[in-house]
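Chemist: Here are the chains, one letter per residue:
4 protein chains.
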Amino acid sequence: MYERTWTVRFSDTDPFGIAHYPRIVDAIHETSDMFMEAIGWPFWEISQEYGFGLPLVEMNFEFENPVEAGDDVTIELTPTLGNRSVKFEYVARCGGKVAFSGYEQRVCARTGGEGAIELPEDLREAMDAYTDD
Amino acid sequence: MYERTWTVRFSDTDPFGIAHYPRIVDAIHETSDMFMEAIGWPFWEISQEYGFGLPLVEMNFEFENPVEAGDDVTIELTPTLGNRSVKFEYVARCGGKVAFSGYEQRVCARTGGEGAIELPEDLREAMDAYTDD
Amino acid sequence: MYERTWTVRFSDTDPFGIAHYPRIVDAIHETSDMFMEAIGWPFWEISQEYGFGLPLVEMNFEFENPVEAGDDVTIELTPTLGNRSVKFEYVARCGGKVAFSGYEQRVCARTGGEGAIELPEDLREAMDAYTDD
Amino acid sequence: MYERTWTVRFSDTDPFGIAHYPRIVDAIHETSDMFMEAIGWPFWEISQEYGFGLPLVEMNFEFENPVEAGDDVTIELTPTLGNRSVKFEYVARCGGKVAFSGYEQRVCARTGGEGAIELPEDLREAMDAYTDD
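Residue numbers (our numbering), protein chains in the order written: chain V, 1 to 133; chain B, 1 to 133; chain W, 1 to 133; chain Y, 1 to 133.
Source of the hints: derived by calculation from the structure; they are not laboratory data.
Hints are supplied without guarantee of correctness; some may be wrong.
No copy is singled out in the list; a pair is fine if it fits within one copy or between any two copies.
Calculated lysine to any residue pairs in the SDA-like style (CA-CA distance at most 25 Å, straight line) [said to hold, decoys possible]:
no., residue 1, residue 2
1, Lys87, Leu56
2, Lys87, Val98
3, Lys87, Val57
4, Lys97, Val57
5, Lys97, Thr131
6, Lys97, Asp122
This one's a predicted model, so the numbers in the text were calculated from it and none came from an experiment.
Here chain V stands alone, though its shape is the one from the complex (with noise of 0.2 Å):
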């Protein structure tokens, strides 16, 4: 799995010193996009590349324990490989607890055109890498 750390600014604090959710989900999708990038495929080039992309079709997140200001919560992404599609699993921890958790499901989309293509077997194995088996 692919993992990186993120800090809880005080910029992303509610009233009661906690992270609003909208920055959680900000949070969740830096992630993905340094994800993408680690393994030399970001989102930035796929499209201008290779001429496809990896749009979000549904996401799904169960908040546990709220996060505070100065807090480092590390995010642990898993990616299962589907044929036309790719899940990105997520789990969040802060001080030994799941801070909270869930997944994007992305599918395969040639840029600009209709339906879900095969992911290239070159991004596959570049994913491979950090899947669960």
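Given the coordinates of chain V, assemble chains B, W and Y onto it according to the supplied hints.
Modeler: The following block gives chains B, W and Y in isolation, referenced to the frame of chain V:
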């Protein structure tokens, strides 16, 4: 149900001219905030005046059709009342099509406290005017 | 001048219950977007249909009084027209006091091109209705 | 001075592939937060533990060159100390060019109180290591 119109702004859009997902999530959360204000129980008052909150425990959204800058997106919110929780269901439409839909599951919890409490009767009545039945 | 009301949301606020600065900046930018739409030259159309944009080259804001969740903040925008540029001046008031004020300096530039061009005559006329004199 | 690298993400970018201004402002504010943490006086601690804050009273930024998704932008922060205030000056560079620069003027104020107070001596010393002289 409750309904508001969200106009997608230039600053919400990506290199393909469609709204970024985190900006859509911002619009969804803004809708819950507007709803609570509309029924007379704004998020910013319930903790200060009544000592409880409605923290999010789960969110699940499907993105069916992209939206573009200038689009007027109608976002409907329908609450479903539990004893100690409330579900906000959303359907967003644009140009006759569903753009995105899903729900937020929220629990009723005493501010700073442990465990869920029953929804106050007055709040139930205020929300009841917007439920499905 | 152009005027809109911004309602500060719970999700905009910090541990002191006042709006985070970046969320105020979001509201300012949203106001420029709403103004351009109101005069019939939305940001999302001018580049596609007329081949130019109004990129920001400077912003300067003073924050005089904090705003809280639930506050209805009146934001005024007054354009001042140059030959190849336009300045948007803002004054935001809440409860009879100035909350924040400042300006955005924007240049008129051909999309993807180099250097500034003159503001189109039709756009000047559309903005003229909102200038100070 | 203090320095950090901001990687522009896909979700920061607009239809021209360059970062939206509000997202640049997010990165600037994040930099001030990282700086305060680096010197041992994080924003989230100073009010709780020392009873003061550094609210923003003015911001002034110039945008000289656009930045794109994937760009590694070096953001430098240099504090200039006043008696009851501090100015954070920023220069952001990418690919050998200045992308944006400017400053935030902040005052030292007792939490919830009126008027400015002197910067605590320990904080002055912590910042001094990063000043220009």
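Chemist: Treating 25 Å as the Cα threshold, decide for Lys87 and Leu56: within, between, both or neither.
Modeler: Close inside one copy (9 Å) and across copies (23 Å); limit 25 Å.
Chemist: Between the shortest in-copy and the shortest cross-copy C-alpha distance, which are at most 25 Å for Lys87 and Val98: within, between, both, or neither?
Modeler: Classified as both; 20 Å inside a copy, 23 Å across copies.
Chemist: Could you place Lys87 and Val57 in one of the four classes (within, between, both, neither) given a Cα distance threshold of 25 Å?
Modeler: both (10 Å within a copy, 21 Å between copies)
Chemist: My question is about Lys97 and Val57: at a cut-off of 25 Å on alpha-carbon distance, are they close within one copy, between copies, both, or neither?
Modeler: Classified as between; 15 Å across copies, 28 Å inside a copy.
Chemist: Between Lys97 and Thr131, at a C-alpha cutoff of 25 Å, which is it: within one copy, between copies, both, or neither?
Modeler: Result: close within a single copy only, 23 Å intra versus 36 Å inter.
Chemist: When no copy is specified for Lys97 and Asp122, does a C-alpha distance of 25 Å or less occur within a copy, between copies, both, or neither?
Modeler: Classified as neither; 36 Å inside a copy, 35 Å across copies.
When the structure is compared with the earlier hints, a violation turns up for hint 6 alone.
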